[in-house]
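Undergrad: Chains as they are written, first to last, in this note's numbering: chain A, 61 to 394; chain B, 2 to 185.
Calculated directly from the structure, the hints in this document are not laboratory data.
Glycine residues also receive a C-beta, built at the ideal position from the N, C-alpha and C atoms.
One thing to keep in mind: the hints can contain errors.
[To be verified] No farther apart than 27 angstroms at their CA atoms in a straight line, the calculated lysine-lysine pairs in the DSSO-like style are these: (1) LYS85(B) x LYS236(A); (2) LYS85(B) x LYS261(A); (3) LYS149(A) x LYS127(A); (4) LYS127(A) x LYS85(B); (5) LYS149(A) x LYS85(B); (6) LYS85(B) x LYS120(A); (7) LYS119(A) x LYS149(A); (8) LYS85(B) x LYS232(A); (9) LYS47(B) x LYS85(B); (10) LYS58(B) x LYS119(A); (11) LYS232(A) x LYS261(A); (12) LYS341(A) x LYS312(A).
[To be verified] Residues of chain B clear of chain A, computed beta-carbon distances all greater than 10 angstroms: (13) ARG18; (14) GLU57; (15) LYS85; (16) THR87; (17) ASP88; (18) ALA117; (19) GLU139.
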Amino acid sequence: MRITPKDEVRPVAGAESQEQPPVWRHRHILDLDDFSAAEIGLVMETSDAMMEILSRPIKKVPTLRGKTIVTLFYEPSTRTRSSFEMAAKNLSADVVNLNAQVSSSVKGECLTDALATLEALGADMVIMRHPMSGAPYVAARRIEASMINAGDGWHAHPTQALLDLYTIRQHKTSLKGLKVVIVGDIKHSRVARSNIWGLTKMGADVTVCCPYTLLPFGLEDTRGIFPEVTVTPDIERALEGADVVMALRLQKERQQSGLLPSIREYARYYQLTEARLAEAKADAIVLHPGPVNEDIEIASGVAHGPQSVINRQVTNGVAVRMALLYLLSGSKRL
Amino acid sequence: MAKIIMSRQDIRRTLARMAHEIVERNRSTESLVLIGMRTRGVPLAKRLAANIASFEKVEVPVGALDFSLYRDDLARLERQPMVKSTDVPVSIDGKTIVLVDDVLYTGRSTRAAMDALIDLGRPESIQLAVLIDRGHRELPIRSDYVGKNIPSSRHEDIRVRLEETDGADEVAIATRPSVEEVKP
Numbered sequence: 061m062r063i064t065p066k067d068e069v070r071p072v073a074g075a076e077s078q079e080q081p082p083v084w085r086h087r088h089i090l091d092l093d094d095f096s097a098a099e100i101g102l103v104m105e106t107s108d109a110m111m112e113i114l115s116r117p118i119k120k121v122p123t124l125r126g127k128t129i130v131t132l133f134y135e136p137s138t139r140t141r142s143s144f145e146m147a148a149k150n151l152s153a154d155v156v157n158l159n160a161q162v163s164s165s166v167k168g169e170c171l172t173d174a175l176a177t178l179e180a181l182g183a184d185m186v187i188m189r190h191p192m193s194g195a196p197y198v199a200a201r202r203i204e205a206s207m208i209n210a211g212d213g214w215h216a217h218p219t220q221a222l223l224d225l226y227t228i229r230q231h232k233t234s235l236k237g238l239k240v241v242i243v244g245d246i247k248h249s250r251v252a253r254s255n256i257w258g259l260t261k262m263g264a265d266v267t268v269c270c271p272y273t274l275l276p277f278g279l280e281d282t283r284g285i286f287p288e289v290t291v292t293p294d295i296e297r298a299l300e301g302a303d304v305v306m307a308l309r310l311q312k313e314r315q316q317s318g319l320l321p322s323i324r325e326y327a328r329y330y331q332l333t334e335a336r337l338a339e340a341k342a343d344a345i346v347l348h349p350g351p352v353n354e355d356i357e358i359a360s361g362v363a364h365g366p367q368s369v370i371n372r373q374v375t376n377g378v379a380v381r382m383a384l385l386y387l388l389s390g391s392k393r394l
Numbered sequence: 002m003a004k005i006i007m008s009r010q011d012i013r014r015t016l017a018r019m020a021h022e023i024v025e026r027n028r029s030t031e032s033l034v035l036i037g038m039r040t041r042g043v044p045l046a047k048r049l050a051a052n053i054a055s056f057e058k059v060e061v062p063v064g065a066l067d068f069s070l071y072r073d074d075l076a077r078l079e080r081q082p083m084v085k086s087t088d089v090p091v092s093i094d095g096k097t098i099v100l101v102d103d104v105l106y107t108g109r110s111t112r113a114a115m116d117a118l119i120d121l122g123r124p125e126s127i128q129l130a131v132l133i134d135r136g137h138r139e140l141p142i143r144s145d146y147v148g149k150n151i152p153s154s155r156h157e158d159i160r161v162r163l164e165e166t167d168g169a170d171e172v173a174i175a176t177r178p179s180v181e182e183v184k185p
């Protein structure tokens, strides 16, 4: 073939236009602090494709055939665990559920021994919930498999935050500039912490509302790790003009230390009621990570009302977790 | 360096001919559904449908299929392909499906696409239309409608660019630079 000068300067046709998705660098999903906005965007777009699969009569694709996914839960959970299990099964992975609360840990097996056992069993991914903050980080260093944090202590719950972001995006198109109010027990809430990371990265305007005793480290003053987050104990003021309201479960099991005078008093001052919700925008949506303590942190009329998207969150959770399992399965060691 | 093997005009004429072939072979457009394989099969399917509409005065339904989740090489790829939504607006049960793709090469994408399609229903039959058939099949798959046969070497890249996805219409063939370097 004769090469003309014109041919020479020409780049390979189409080479520059080949679609390059944002780089996915995660082998584990531990929290959202190390996610970029582009990576969160990739999770959102992949979740859209997974939602389409969930709408089919046969909700199953062969993508993770032959992969073994273990759920290892040291704390009780129904929705997170079943959501992960459904997600894994929809992608044709084999799922092993280990209820660590009633099995070996009772017999004194420590976390690292349990992980060694999982490796020996041939787990490709481990989904772990643990009461100790940081436990999945220790675990991730010990194993070849990918680790997904399904909630660790008071620290992080990244998959819940991603499904919350997805739910908001579904109703509001874009997260940028939205006023998102998180109300409730922020101190003990891993959901709140991961959400604050995710929401601020996506450009949302986050307000946190709780009694000062339930405010965690890092949010007490403007020099904390989240200087852009607004903090107020005044729920009416917080809700004014909100696009999204996220109510958190009051962790009754964690209220023994006298941070609240009483649950009744908390409900009187901080419950998300119809009257208070009226301060928010008319099209504001209400999220709750579940399980709901009705008429404590949220009035049952709001939880089941027209602005509530709590059930959507559950459906979206399966799609978002499918997306995460798919994206993680591309990491090289798997 | 790349050599242009199909221009904008060539692509336009070829698609017009293929649209006629599809209608001729199926005798009617009644149960026809065109399904484009993402990414570039989708605009091609739309153009075929527009061609059919221009001479048959019938709107043939067009869908988009993402087959990433059905690929057999996911574990070997450097990075995960981005999964887009599959969007097939009609039930495919009992329909004659024409799968549309830009380049037919090993046949593995077609295999994945057929599996993806069959998960959506039970079509009466599946046919395959490709703009370029470059040979080197690794599976027993053939195309029913071919825009252009291009005998190629495995060391060559065939690049299809389309207005909708790449800003211009052309097909080019190029030798991969890495292979070129080792040439004397």
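Undergrad: Look at each hint and say if it fits the structure.
TA: Hint by hint, here is what the structure shows:
1. Proximity of LYS85(B) to LYS236(A) is assessed by CA-CA distance (about 23 angstroms); at most 27 angstroms being required, the pair is judged to hold.
2. For the proposed pair LYS85(B) and LYS261(A), the alpha carbon gap of about 23 angstroms is at most 27 angstroms, so the pair holds.
3. A hinted pair counts as satisfied when its Cα atoms are at most 27 angstroms apart, and LYS149(A) with LYS127(A) qualifies at roughly 10 angstroms.
4. Of the pairs offered as hints, the one joining LYS127(A) and LYS85(B) holds, with about 22 angstroms between alpha carbons and a cut-off of 27 angstroms not exceeded.
5. For the hint pairing LYS149(A) with LYS85(B), the CA-to-CA distance comes to about 20 angstroms; that is within 27 angstroms, so the pair holds.
6. Under the criterion of a C-alpha separation no larger than 27 angstroms, the hint pairing LYS85(B) with LYS120(A) is consistent with the structure, at around 16 angstroms.
7. About 9 angstroms separates the Cα atoms of LYS119(A) and LYS149(A), which keeps this hinted pair within 27 angstroms; it holds.
8. Among the hinted pairs, LYS85(B) with LYS232(A) is consistent with the structure: their alpha-carbon atoms are about 20 angstroms apart, no more than 27 angstroms.
9. A threshold of 27 angstroms between alpha carbons decides the hint, and for LYS47(B) with LYS85(B) the separation of about 18 angstroms falls inside it, so the pair holds.
10. With a C-alpha separation of about 36 angstroms, the suggested pair LYS58(B) and LYS119(A) falls outside the 27 angstroms cut-off, and the hint is violated.
11. Pair hint LYS232(A) plus LYS261(A) holds up; C-alpha atoms about 16 angstroms apart against a cutoff of 27 angstroms.
12. For the given pair, LYS341(A) sits about 30 angstroms from LYS312(A) by alpha-carbon distance, which is inconsistent with the 27 angstroms threshold.
13. At the 10 angstroms boundary, the C-beta of ARG18(B) stays outside the reach of chain A, the nearest C-beta of that chain being 23 angstroms off.
14. Against the 10 angstroms criterion, GLU57(B) stays outside the reach of chain A, whose nearest CB is about 30 angstroms from its own CB.
15. Its closest Cβ contact with chain A, about 6 angstroms, brings LYS85(B) to no more than 10 angstroms, contrary to its assignment away from the interface.
16. The beta carbon of THR87(B) is not kept farther than 10 angstroms from every beta carbon of chain A, the shortest such distance being approximately 5 angstroms.
17. Not every CB of chain A lies more than 10 angstroms from the CB of ASP88(B), the least distance being 7 angstroms, so the non-interface label is violated.
18. Distance to chain A contradicts ALA117(B) as a non-interface residue, since its nearest Cβ pair spans about 8 angstroms, not more than 10 angstroms.
19. The Cβ of GLU139(B) lies farther than 10 angstroms from every Cβ of chain A, with a closest approach of about 19 angstroms, so its non-interface assignment holds.
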